[in-house]
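Chemist: Sequence:
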Amino acid sequence: ESTTSQPTGKTGVPKAATVTRGFGGTSISAHQKGVKVFSPAYNGNAYPGRNHRFTFTIDVTTDFSSDRLINHTLDAVEQGYSGSWFDCFSAIQFDARDVGGQKLTLPTDAHTRDQVFQSELFGATAPDKPKREWMWDFKQDKPHTRASVVEANHERLSRVWAQTKAKLGYYPILLGNNIGTSYWPWVGNARSLLQTWSPPKDVPQPVITRPMNGHSLESFVGSELLLKGSPVKAGCPLYANGTTIHYQSERMWETHLNMLLDAAQKQLRMLPMVAQAGCKSIGLEAVGERDMFELFGYSSFLLAVEPNPIGGRSNSTVAFGIPAFYRDDDGARYAKVHDRYYYDLGDPLASAKNATIKNLKVDGYNSYLRVFEKGLAIVNPSKTDDQGVPLPSGDGYTNPESDDPKKIFKTLDVPAKSGFVLLKSA
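If you read the sequence shown in this note's numbering, its first letter stands for residue 85, the second for the next number, and so on.
Simulated from the structure, these hints should not be mistaken for laboratory data.
Computed from a predicted model, the values in this text were never measured in an experiment.
A couple of the hints might just be wrong.
Said to hold, decoys possible - Okay, derived cross-link-like pairs now, DSS-like style, lysine-lysine, Cα gap no bigger than 25 Å in a straight line: (1) Lys364 / Lys420; (2) Lys226 / Lys187; (3) Lys490 / Lys458; (4) Lys494 / Lys508; (5) Lys445 / Lys350; (6) Lys494 / Lys445; (7) Lys445 / Lys458; (8) Lys350 / Lys437; (9) Lys458 / Lys508; (10) Lys490 / Lys508; (11) Lys458 / Lys437; (12) Lys491 / Lys458; (13) Lys223 / Lys187; (14) Lys494 / Lys458; (15) Lys350 / Lys442; (16) Lys467 / Lys494; (17) Lys458 / Lys442; (18) Lys494 / Lys442; (19) Lys445 / Lys467; (20) Lys445 / Lys508; (21) Lys491 / Lys508; (22) Lys467 / Lys442.
What the hints assert, rightly or not - Label pairs and their calculated CB-CB ranges: (23) Asp469 / Asp428: 24 to 32 Å; (24) Lys420 / Phe222: 46 to 54 Å; (25) His156 / His115: 31 to 39 Å; (26) Lys420 / Ser123: 45 to 53 Å.
Where is the CB? At the ideal position from N, CA and C, for every residue including glycine.
Please model the complete structure; the sequences and the hints are all you need to start from.
Modeler: Right, dumping it as structure tokens:
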């Protein structure tokens, strides 16, 4: 534990930290300036001096780390649930920070732990950036690399699977959240959590891990944004009318679509959530533009979804998540599933090649279009409206959510940050 002085400069790193307890049972001691010392890692923005409460990041190599997940899952099943939802769960540590809030870094897989420890990479710094700090592998007594953290996470997950199966007699459902851009192997290899994991051959005693049942990609196309002054509790809105919608940038939209494309084409269980997956999702319940926002998310999802070779459309490995409830003007909540989720589009007639969403972009426009047997999905993720986007030749298409659901379209105006699902005219 420690206290910090006020942050200085653009980095927000404090001038000094005062130690009030030794690390790992050791006594408090003073150190010379510049000496490398161990200190706790904190999760996200919950570090000393930032909030009134802070949260430690648990070392994934410890039994304590896996025991928490095991006990949480067994407790959930005892309460009648089918398994666990692990928030902030990835193949590398999620948003680990030091005492001043600076994000901890991991050397890439191209550098071994020995190379990092012995080279200038260890503690390297750029002129305008603070010194790097690494997460430490206490079992090996060396800095972690991305590869070592991924391997440790799979060892942890393998232990969770084995212990829960031994206690229950069957495998529970295990879902994760915050897969994010760490999905890609060259970033954090969270994709490996959705696959049967077999590490490199040079890893001693390799662990073969059962894939997770699914991983959520929250804030798929945007997120709830609390209005200034809205009452909150533990960071969550108390009232649904205190929220507006933040749309993802076109670049982040493209990043998320490419991830979903890759997962769908590899038959991996990715679960994009239209906005946030936690308690903030109630903020969408009374937002006026909620339906158009959901339509933007669902039409984006349709650009990437693939039928499963085994079981077809009804057994797709990707699924689109929405808040379950709406809220009326009197504040009453009610469950509703919009009609759009029942449209029969048939199978897709084309897919984005090489898991690259730009392959579905309409030439000369900002919009992306994908044709199905009985309809199409079209999305404009940019900040610029599209006028008269040409639709595939034929009898035209109808928009069941328009003021005139029987009107036939052969071109379509697609405003910025919007999407539509159209049906082939009879």
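Chemist: Does each hint fit the structure? Answer for all of them.
Modeler: Now the hints, each set against the structure:
1. Lys364 / Lys420: Within the cut-off at roughly 18 Å; holds.
2. Lys226 / Lys187: With a Cα-Cα distance of about 19 Å, the restraint between Lys226 and Lys187 holds, given a limit of 25 Å.
3. Lys490 / Lys458: Holds, because 15 Å separates the two Cα atoms, which is no more than 25 Å.
4. Lys494 / Lys508: Between Lys494 and Lys508 the Cα gap is close to 10 Å, so the pair holds against 25 Å.
5. Lys445 / Lys350: The hint holds at about 22 Å.
6. Lys494 / Lys445: Distance ~17 Å between Lys494 and Lys445 Cα, so the pair holds.
7. Lys445 / Lys458: 20 Å, holds
8. Lys350 / Lys437: 13 Å, holds
9. Lys458 / Lys508: Cα-Cα ~5 Å, so holds.
10. Lys490 / Lys508: Within the cut-off at roughly 11 Å; holds.
11. Lys458 / Lys437: Within the cut-off at roughly 21 Å; holds.
12. Lys491 / Lys458: Within the cut-off at roughly 16 Å; holds.
13. Lys223 / Lys187: Cα-Cα ~22 Å, so holds.
14. Lys494 / Lys458: 15 Å, holds
15. Lys350 / Lys442: Holds, at about 18 Å.
16. Lys467 / Lys494: 23 Å, holds
17. Lys458 / Lys442: Within the cut-off at roughly 23 Å; holds.
18. Lys494 / Lys442: Given that 25 Å is the threshold and the Cα spacing comes to 22 Å, the pair holds.
19. Lys445 / Lys467: Measuring from Cα to Cα gives roughly 15 Å; hence the hint holds.
20. Lys445 / Lys508: 20 Å, holds
21. Lys491 / Lys508: At roughly 11 Å apart (the allowed maximum being 25 Å), Lys508 and Lys491 satisfy the hint.
22. Lys467 / Lys442: 17 Å, holds
23. Asp469 / Asp428: 24 to 32 Å: 30 Å, holds
24. Lys420 / Phe222: 46 to 54 Å: Once the Cβ atoms are compared, 51 Å apart, the range 46 to 54 Å for Phe222 and Lys420 holds.
25. His156 / His115: 31 to 39 Å: 37 Å, holds
26. Lys420 / Ser123: 45 to 53 Å: 49 Å Cβ-Cβ, so the 45 to 53 Å window holds.
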